[in-house]
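Student: Residue numbers (this note's numbering), protein chains in the order written: chain A, 875 to 1049; chain U, 7 to 290; chain D, -7 to 362.
By construction, these hints were calculated from the structure, which means they are not laboratory data.
It should be emphasised that the depicted structure is a prediction, and the values quoted were computed from it without experimental measurement.
Where hints are given, some of them may not hold.
DSS-like, lysine-lysine: derived pairs with alpha carbons at most 25 angstroms apart [unchecked claim]:
id: 1; chain 1: D; residue 1: Lys236; chain 2: D; residue 2: Lys206
id: 2; chain 1: D; residue 1: Lys11; chain 2: U; residue 2: Lys84
id: 3; chain 1: D; residue 1: Lys236; chain 2: U; residue 2: Lys83
id: 4; chain 1: U; residue 1: Lys180; chain 2: U; residue 2: Lys245
id: 5; chain 1: U; residue 1: Lys241; chain 2: U; residue 2: Lys210
id: 6; chain 1: D; residue 1: Lys289; chain 2: A; residue 2: Lys904
In case you want the letters, here they are:
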Amino acid sequence: MFEVRIHSRGGEGGVTAARLLAIAAIRDGKYASACPFYGAERRGAPVVSFVRIDDRPVRVYSQIRTPDLVVVLDASLVGVVDVLSGLKAGGTILINSAHTREFAGYRTCSVDLTGIALRENLIMAGSPILDTSVLGALARIGIISQNSAKKAITEVFTDERNVRAADAAYREVVI
Amino acid sequence: MLKGTSACAGCSSSLSLRYVLKGAGPDTVLVIPASCSSVIQGIYPNTALNIPVYNIAFAAAAACASGMSNAFRAVGKKTNVIVYAGDGGTLDIGIQSMSGAFERGTDFLYICYDNEEYGNTGMQRSGSTPLGARTTTTPAGKTDEKKDIDAIITAHDPPYLATACSAYPQDLFKKVKKALAIRGPAFIHILVPCPSGWRFPPEKTIEIGRLAVKSGMWILYEREYGRLAISSPSKAAMKNPIPLENYLAPQGRFAGISPKALDILKQRITQKIQRLTEEEKGIC
Amino acid sequence: MLMVATGNRAVAEAVREAKPVVIAAYPITPQTGIVEQIAEYVSHGVLLSRYIPVESEHSAMAACIGASATGARTFTATSSQGLLYMHEMTNWAAGARLPVVMANVNRALGPGWNIWAEHTDAIQERDTGWLQVYTGTVQEAYDTTLMAFCIAEHNDVLLPVMVNLDGFLLSHDMQPLETVDCGDFIPPLHLPHAIDPQNPIAYGPLTGPDQYYKFRWDIERSMRDSVNVIGQTQAEFARRFGRKYGFTDDYRCDDADAVVVSLGTLGKEAEVAIDALRSEGIKAGSMRVRWLRPFPKLDLAGREVVVIDRDYSFGFGGVLAHEIKAKNHIDVCSVIAGLGGQEVTYDDIAGFIKNRRIGEESWFGVTPGV
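Required output: the full structure, derived from the provided sequences and hints.
Tutor: The structure is reproduced here in structure tokens:
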């Protein structure tokens, strides 16, 4: 089972990113589940979402403690929450950042999702949309296929710019 | 309604129900929350009513009727859905579901038969008990005034609202007919003198109702799409009401009412007559 | 069609397929997604039901009762405080023999305010005459909601059915969901005692001590008859749609020396614990109880039984544990875990089984060593 933990702030699309990742994995023919950890969070507060991908139905409902991959949609969370908590040795961290970052002992991937969203003018209620483009980066890292990433995005969103943003993230992610 | 109900002698709420059902006709369902009418209709396996009667928990009548009306209308049935609830079931425990059903525009007729007490449990105070009246929970006379449920329902702006009294059957009959002809929520508030609770002889049940109207303590009117019309029995009474004491004196519940309470009751009558007269003339 | 849906969405999809005439509901976290989705179907004309946005849960159930009494199919959904608020009317629905179907998203009761999973809300309804079923996956929530209409409306039953799903854990978890075209799987509702002004009946009038108990017995008789109807409905569902359901969902129980019994998502999590224990050579199994009412016969003979209760009866114990003890004449190891969304992992469950002490009750996080 491959376990993903997504860090974001309320309103940044972490829950939707988890949902899209689960859909893409299912379109790849795998089993998946996605769940946010619901608390009393409000807009702007740190939130985590979980995705599990497996070759058999997922039966686990408890929170992910030792993820294989951590996605950080908001780099300002680094230092605010322990984004590396429980990340398996040699695990991967994908971070939304304009410059490349290093987390010692982990495979670090950086991509400027915010920059891509601004370029594509993917902005909702004043915030850049990150939850669709991140699928492109996840496809490049090899979690899901690029085809299924696109499928998942178009199943949920009609705006073509979301797919273009994901393509851009696929190209631009620095591994 | 068949002969042989289990109502008290002189019960005017069962009389009123008879007039209501005459006006409503056979394609009617009654929804009755906990109240005197839960008992009056008879004990299983007998029933004194020859239309379907749906008995429901105290606070739930309007909501139950709301579901019923929607289900009938969904399949094109025009069956009248009438709630027949007491003052407790309407303006106390039932006020939430009643308010909700009016706000949602439910196509039904809600009738509150008001005996100004919790009659079924043995004459306790209700929100509708008038100031100064003795009940088993206000042995020294009620210190609070009667809740104005008509104003509360008027605030929901229903297409039809009327007051009635068991002592004026033709007026009630006409109002039921009118209410059921209108689509949407209609409300009729019937004053039903209760010999057992108000402490007067059963044979005076009509007389007491008439005194209530003649004194202006109870005013008959209807408000159709917001337009007020005073009903004829009250027109004369409002111009020249009989002394309130004539209405209170025959009732044991008002025995020993304080002069202060009496004064307030009289003031309220004057104010209400003035308010309704002005509203009918379009002054307010 | 294979979609990815939350438990709440799955219930709403099943309701869309079942096409109730009247839906009356009041929102409450974490159930709100169900009624929002249904309201959207109705507003877009995808579902031709009357949606009554009542002002309370008490009224939601009262409106379902009024509608159901006319012979109309009805549905509502609630959770926690909402379920408790409608408690008077849940009794009424069962007593009036109305096949209302309700989804209850299990959530803890206040105070303090807690929106997370716990079964005490539904457990407090277990004596009302409702059939109660607990689901463990999104697919199961969907399938069970469809079956609930068949079972409730069956002439041998005519009792309301409550479909339970764990708050957030299942209501908000996104999983694959295979929807079906249910065709004539749910037959049209023919309520024998539907209101008919041509044939006037007094419903629920004053009923004396010489008669009342007969109506109570009639509820119990139907509750007993519902066992067959549930079995038949689950078999017919499997025949048509290929997914099998029982009164319990048993996992590696056949040769198990120790069996862990639970409700809802805990039972799925327990399967992972069982796999881990089996790999250590411990012969353990998991039995997830689906139907709490009618309470099923459980095959627990000769095994050591650990019961996890996500509920509690104060001054008495875990309700599932005690029902199993009473019905099976056995002693069990009772573990109280997961209250108010307390995190319980498969490692924790494996620990409950390994460290079981038959005849004792322990509270996860409170009792030393558990």
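Student: Each hint: holds or not?
Tutor: We went through each hint and held it up to the structure:
1. D:Lys236 <-> D:Lys206: 36 angstroms, violated
2. D:Lys11 <-> U:Lys84: Since the Cα atoms of lysine 11 of chain D and lysine 84 of chain U sit roughly 22 angstroms apart, the hinted pair holds (cutoff 25 angstroms).
3. D:Lys236 <-> U:Lys83: 40 angstroms, violated
4. U:Lys180 <-> U:Lys245: 23 angstroms, holds
5. U:Lys241 <-> U:Lys210: 23 angstroms, holds
6. D:Lys289 <-> A:Lys904: 36 angstroms, violated
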